[in-house]
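Trainee: Sequence:
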Amino acid sequence: MAKPSQTPKRLLCAILGTVIFFLGLIFFILWLTLRTYPPRVRIQQFSILDFNHPNGFQHSNISFNVTVRNPNRRNMIHYGSTICSVFYKDQWIASIEYMSPFDQDHKTTTIVSGVFKDATFTRNSNRWKEFLTDLTNGMVEYRLELKSSFRFTATIWNRKVHNILVKCYATVGTNGSMLPDSIDKECHY
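So for the sequence shown, the working numbering puts the first residue at -15; every next one is plus one.
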């Protein structure tokens, strides 16, 4: 039998332990319902007009199409303006400011497509020999970068703004169209 002086201590420890357990359980359930996943981006189409021009492609149009998926069940994503750029290795080719800010509802996919007008990759650049080697091998890899900011929104609660840089790699054949093994390829952060 317990001494009378130990009974209030046990009762206090039991109450404190129960309160800590239920607070932990509440925070765990809140974390499970409010945790967020970043958007998933996949490249669907990438092509270059006037690709086989002997002096490089100057004033060509590059078209692209990527899908952006919000995988969250309860959170919307609010995107800021997006800047899209194309590179061959480390050489910049073209950039556009794609769109004004937009919202993406939960569990939805948005198609982001655009055209870079007057894209230029000139013959006297340092990368021209590497480009010709890749072209004679039948495939040239480009990097499409999407820079944006976004924040998650859960009902009335807006979270902090995150900056994102997504890199999509597209392999283009000698005809200027994307090769089949690059289609629906996941892009990386």
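If you're looking for bench data, these hints aren't it; they were derived computationally from the structure.
Glycine included, each C-beta is placed from N, C-alpha and C at the ideal position.
Honestly, I wouldn't trust all of these hints.
[To be verified] Estimated spans, in silico, between C-beta atoms of each pair:
hint, residue 1, residue 2, range
1, Gln75, Asn45, 45 to 55 Å
2, Tyr173, Asp102, 21 to 31 Å
3, Arg58, Leu7, 14 to 24 Å
4, Thr158, His43, 39 to 49 Å
5, Asp165, Glu129, 19 to 29 Å
6, Leu0, Ser69, 53 to 63 Å
7, Asn49, Leu116, 19 to 29 Å
8, Asp165, Tyr21, 19 to 29 Å
9, Leu149, Val3, 41 to 51 Å
[Claimed, not checked] Keeping only pairs whose Cα atoms sit at most 27 Å apart, straight-line, the calculated DSSO-like set for lysine-lysine is:
hint, residue 1, residue 2
10, Lys(-7), Lys73
11, Lys151, Lys113
12, Lys131, Lys151
13, Lys73, Lys101
14, Lys131, Lys144
15, Lys151, Lys91
16, Lys169, Lys101
17, Lys144, Lys73
18, Lys169, Lys91
19, Lys101, Lys131
20, Lys73, Lys91
21, Lys131, Lys73
22, Lys73, Lys169
23, Lys131, Lys169
24, Lys144, Lys101
25, Lys144, Lys113
26, Lys144, Lys91
27, Lys91, Lys101
Trainee: Against each hint, give a clear statement of whether it holds in the structure.
Mentor: Verification of the hints:
The hint said 45 to 55 Å for the Cβ distance between Gln75 and Asn45, and at roughly 18 Å that hint is violated. Between Tyr173 and Asp102 the Cβ separation comes to about 29 Å, which falls inside the hinted range of 21 to 31 Å. Between Arg58 and Leu7, the C-beta spacing of about 22 Å keeps the proposed range 14 to 24 Å intact. At roughly 20 Å, the beta carbons of Thr158 and His43 sit outside the given window of 39 to 49 Å.
In this structure, Asp165 and Glu129 meet the distance hint of 19 to 29 Å, their C-beta atoms being roughly 21 Å apart. Look at Leu0 against Ser69: about 57 Å separates their beta carbons, and that is inside 53 to 63 Å. The given range of 19 to 29 Å is respected by Asn49 and Leu116, whose C-beta atoms sit roughly 27 Å from each other. The given range of 19 to 29 Å is respected by Asp165 and Tyr21, whose C-beta atoms sit roughly 26 Å from each other.
Between Leu149 and Val3 the Cβ separation comes to about 44 Å, which falls inside the hinted range of 41 to 51 Å. The hinted pair formed by Lys(-7) and Lys73 fails the criterion: a straight-line CA distance of about 69 Å is larger than 27 Å. For the given pair, Lys151 sits about 24 Å from Lys113 by alpha-carbon distance, which is consistent with the 27 Å threshold. Proposed proximity of Lys131 and Lys151 is supported: the alpha carbons are some 9 Å apart, at most 27 Å.
For the given pair, Lys73 sits about 20 Å from Lys101 by alpha-carbon distance, which is consistent with the 27 Å threshold. About 17 Å separates the Cα atoms of Lys131 and Lys144, which keeps this hinted pair within 27 Å; it holds. A C-alpha spacing of about 22 Å is found between Lys151 and Lys91, which places the hinted pair at or below 27 Å, so the restraint holds. With a CA separation close to 24 Å, the supplied pair Lys169 and Lys101 stays within the 27 Å bound.
Between the alpha carbons of Lys144 and Lys73 the distance comes to roughly 33 Å, so the proposed pair goes past 27 Å and is violated. Between Lys169 and Lys91 the CA atoms are separated by roughly 19 Å; this keeps the pair inside 27 Å, and the hint holds. Restraint check for Lys101 and Lys131: the C-alpha separation of about 19 Å stays at or below 27 Å, so the hint holds. Distance restraint check for Lys73 and Lys91: the Cα-Cα separation of roughly 34 Å exceeds the 27 Å cut-off, and the hinted pair is therefore not satisfied.
Between Lys131 and Lys73 the alpha-carbon distance is near 17 Å, which keeps this suggested pair within the 27 Å criterion. The suggested pairing of Lys73 with Lys169 holds, with an alpha-carbon distance near 18 Å, which does not exceed 27 Å. Between the alpha carbons of Lys131 and Lys169 the distance comes to roughly 18 Å, so the proposed pair stays at or under 27 Å and holds. About 34 Å separates the Cα atoms of Lys144 and Lys101, which puts this hinted pair outside 27 Å; it is violated.
Simply put, Lys144 and Lys113 have alpha-carbon atoms about 45 Å apart, too far for the 27 Å limit, and the pair is violated. Restraint check for Lys144 and Lys91: the C-alpha separation of about 21 Å stays at or below 27 Å, so the hint holds. At most 27 Å may separate the alpha-carbon atoms for a hinted pair to count; Lys91 and Lys101 exceed this at roughly 32 Å.
Of the numbered hints given earlier, the model fails hints 1, 4, 10, 17, 20, 24, 25 and 27; all others are met.
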